[in-house]
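Keeping the supplied structure of chain B fixed, place chains L and F upon it in accordance with the hints.
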Amino acid sequence: MLKECFDNVRKLVPLVHNITNYVTVNDVANIILACGASPIMSDEPDDVTDITSICSSLNINIGTLHKSSIEAMYLAGKRANELGHPILLDPVGAGASALRTNTAVGLMEQLQLTVIRGNISEIKTLANGNGTTKGVDADVADKVTDDTLDEAILFVKKFAAQSKAIIAVTGAIDLVSDGTRCYVIRNGRPEMGQITGTGCQLSGLMTAFVAANPSNQLDAAAAAVCAMGLAGEIGYSHMKDGDGNSTYRNRIIDAIYNMDGESLEKGAKYEVR
Amino acid sequence: MLKECFDNVRKLVPLVHNITNYVTVNDVANIILACGASPIMSDEPDDVTDITSICSSLNINIGTLHKSSIEAMYLAGKRANELGHPILLDPVGAGASALRTNTAVGLMEQLQLTVIRGNISEIKTLANGNGTTKGVDADVADKVTDDTLDEAILFVKKFAAQSKAIIAVTGAIDLVSDGTRCYVIRNGRPEMGQITGTGCQLSGLMTAFVAANPSNQLDAAAAAVCAMGLAGEIGYSHMKDGDGNSTYRNRIIDAIYNMDGESLEKGAKYEVR
Amino acid sequence: MLKECFDNVRKLVPLVHNITNYVTVNDVANIILACGASPIMSDEPDDVTDITSICSSLNINIGTLHKSSIEAMYLAGKRANELGHPILLDPVGAGASALRTNTAVGLMEQLQLTVIRGNISEIKTLANGNGTTKGVDADVADKVTDDTLDEAILFVKKFAAQSKAIIAVTGAIDLVSDGTRCYVIRNGRPEMGQITGTGCQLSGLMTAFVAANPSNQLDAAAAAVCAMGLAGEIGYSHMKDGDGNSTYRNRIIDAIYNMDGESLEKGAKYEVR
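Chains as they are written, first to last, in my numbering: chain B, 1 to 273; chain L, 1 to 273; chain F, 1 to 273.
So that you can see chain B by itself, here it is in the shape it has in the complex (with noise of 0.2 Å):
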């Protein structure tokens, strides 16, 4: 199944429109590509109901929000949900600001998404809402260990149920769920977290692959989380002397485009919940 969801990636080459923070965007434009999909990148808000047009998803990031890009990724969403264009959020800090919860919560209450992929931490705050929003219970561990694993389980479909989205959370295990089903997912290393932008690289990845399996969006969701983790624990075999957080972000995107179907179905390791 994730190798079927990986393939068609690489066979119908989405093209991906990012609203992005200007930290990490060519790194997800290079992860994107290394995927066999296509990137397209912009926030003006004339511009993007043209660009998300013609493409066929759209990753929404807040990491550095602009009065003028909140516009955009408003009216990105929109056309979006209008052309049944599967949407990504990735709610970077949201509870650290007003500024980018008050987005993040906006965006879910206006728009039709498809899938919110966070960390832990992010997605309570979602849950909790903004005070506008009545939220499920988050009460939640701030980590998902063995120990808290089965009550992580449960707030990440109870969330998923409730928001009619995909929730990923991301952390040393990766939890993957549409409200019924859930990934736990044990791939990746921890020295991923040094590098800035995995997570947003991995949102851009995951717009890819869900875009390539419309009739498949949880696994396909889910194969882009194990790919990602994949790539961490190759990139990290390759790494030698002298390397360090820097070259070890070259080494996860050149992983992503080395790999393929069959060698993510091989390094995969999750179980379904």
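FYI, nobody ran anything at the bench for these hints, they're computed from the structure.
Take these hints with a grain of salt, some might be off.
The list makes no distinction among identical chains, and a pair is therefore deemed to hold if it is satisfied within one copy or across any two copies.
With a cut-off of at most 27 Å between alpha-carbon atoms, the simulated BS3-like pairs for lysine-lysine come out as follows [what the hints assert, rightly or not]: (1) LYS164 <-> LYS240; (2) LYS158 <-> LYS78; (3) LYS269 <-> LYS158; (4) LYS11 <-> LYS143; (5) LYS3 <-> LYS266; (6) LYS266 <-> LYS67; (7) LYS3 <-> LYS240; (8) LYS240 <-> LYS67; (9) LYS157 <-> LYS11; (10) LYS11 <-> LYS240; (11) LYS67 <-> LYS78; (12) LYS266 <-> LYS240; (13) LYS266 <-> LYS11; (14) LYS157 <-> LYS3; (15) LYS11 <-> LYS67.
Showing chains L and F alone in chain B's frame:
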């Protein structure tokens, strides 16, 4: 001739003002440094007139337009024209949105451009104009191949003559013409298309080459195309097991860093038609 | 002393708010992670007060100014001052345009800065002021060399005393002074100047070092300069045939990633005057 064009860049160290997209801007800066020139980035209307004034050339790239950066492009362009600085336009995505097409066409109409560099689709869009402009016949194939070469050369020559700019169409075969002569260049590798921004990088490089060779602008533009393609070949020859598009990106810039006029002359594959 | 300064960064993991340019922002984020600190980027006026409030330090870099980011610099700076957070100003291109000079001088006048780090030309511009400011005597040579060292030290000490900030002038020889003592640092390699953003990276690193060493800010700032220069030396020693400035960029960040207080202490080349 190509040798001299590159040597002049290293000798004269032209300062290139770049108004470019935030996706590939870092690689553009590093490749400009790699060839021996010096980059400065500024896209704020209140800043660009001063910055252009201390530079010797202007590289305009419309990859991620904002209302304010469009204003900056016109302001910087007018100042560059007053000062006689060469201006390169990279019409990224012209044809993909009204804003991109109109901005590129507007810049063509209001500025005296020295070079326009894009892929065949972008250049055809500009040749067709945007309704208010009467374009040249752009009934040319969508790929420049040996089969379509003759008509493509004719098209590029015509559009160069009409626009009074050097036209550089890059792809599997690259064409660079001033309306009279046309360089047909066969350096490069298809894998360069799997890196974000090799086109943007070439535009930065080309601006530096043209700035350093005011009396040989066509040859300088062609030299930059050969240098970029040759760097793609050299970079690829250094690729090792496990390397992918992210490492390849670094190796291409590295190859420019290590290239000089002599090695360019030796590795360039072109004919003049 | 330098050892302790670096060890404190890895121990305390300061969160650095960066309002910086879009050219080198990714490398700034990665080098802050490499040294053991944590970066967050935000330049939207509606976001920065919240973001600064959860951080422990602020890095302001004027490399690509926008009207809104200038507003954000003042807002974040005022909040950082209220909270007693250290602020570093990197006046990129001060002297090259009125907007850059006026912004840097305005920030100096309205904020209590902890460190100002730039090249000799930028620092001289700030010392001269912008007309409304009475500057110190900036009749210092344009390069800090052994021949001009005495007058340069005097200038840096004077400007530090007048501005009540630590002044760091970086170049072939680096000077860091609080007005009383002056570190004279001889780490680094000339090839670092052929990479975009080594100065911006140093500013990010230095902000983290100063944040983690509130009672030793001068030593911390000097430690960051030594660390960056030493990383340049270590990175260069790993360069192989065919490597150039793009790979060198990665190797420098990697070297910070692998450095610790002990190796810094051992490799640092400085005297205090």
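**OP:** Please work out whether the CA atoms of LYS11 and LYS143 approach to 27 Å or closer within one copy, between two copies, in both situations, or in neither?
**Re:** Between. Shortest inter-copy distance 21 Å satisfies the 27 Å Cα cut-off; intra-copy 37 Å does not.
Original post:
Should LYS266 paired with LYS240 be assigned to within, between, both, or neither, using CA atoms and 27 Å as the limit?
Top reply: Cα proximity of LYS266 and LYS240: in one copy and across copies (25 Å, 23 Å).
**OP:** Pop the pair LYS157 and LYS3 into one bin, within, between, both or neither, using alpha-carbon distances up to 27 Å.
**Re:** Result: close within a single copy only, 24 Å intra versus 48 Å inter.
Original post:
Is the C-alpha distance from LYS11 to LYS67 at most 27 Å within one copy, between copies, in both cases, or in neither?
Top reply: Result: close neither inside a copy nor across copies, 37 Å intra and 36 Å inter.
**OP:** Since the copies are identical, ignore which copy is meant and state whether LYS3 and LYS240 lie within 27 Å (CA to CA) inside a copy, between copies, both or neither.
**Re:** The answer is between: 25 Å across copies meets 27 Å, while 30 Å in one copy does not.
**OP:** First find the shortest C-alpha distance between LYS11 and LYS240 inside one copy, then the shortest across copies, and answer within, between, both or neither for a cut-off of 27 Å.
**Re:** between (34 Å within a copy, 25 Å between copies)
**OP:** Evaluate LYS266 and LYS11 at a C-alpha cut-off of 27 Å and name the case that applies: within, between, both or neither.
**Re:** For LYS266 and LYS11, only the intra-copy Cα distance (20 Å) is at most 27 Å; the inter-copy one is 39 Å.
Original post:
With identical chains treated as interchangeable, where does the CA-CA distance between LYS164 and LYS240 reach 27 Å or less: within a copy, between copies, both, or neither?
Top reply: Answer is neither: 44 Å inside a copy and 45 Å across each miss the 27 Å cutoff.
**OP:** Have a look at LYS3 and LYS266 and pick one of within, between, both or neither, based on CA distance no larger than 27 Å.
**Re:** For LYS3 and LYS266, only the intra-copy Cα distance (9 Å) is at most 27 Å; the inter-copy one is 45 Å.
Original post:
For the identical chains here, do LYS266 and LYS67 meet the 27 Å Cα criterion within one copy, between copies, both, or neither?
Top reply: Intra 44 Å, inter 48 Å, cutoff 27 Å: neither.
Original post:
Given a CA cutoff of 27 Å, do LYS157 and LYS11 count as a within-copy pair, a between-copy pair, both, or neither?
Top reply: Neither: 31 Å inside a chain and 37 Å across chains, both beyond 27 Å.
**OP:** Could you figure out if LYS158 and LYS78 sit no more than 27 Å apart (CA to CA) within one copy, between two copies, both or neither?
**Re:** Within one copy, since 25 Å is at most 27 Å while 42 Å is not.
Comparing the model with each numbered hint stated earlier shows that hints 1, 6, 8, 9, 15 do not hold.
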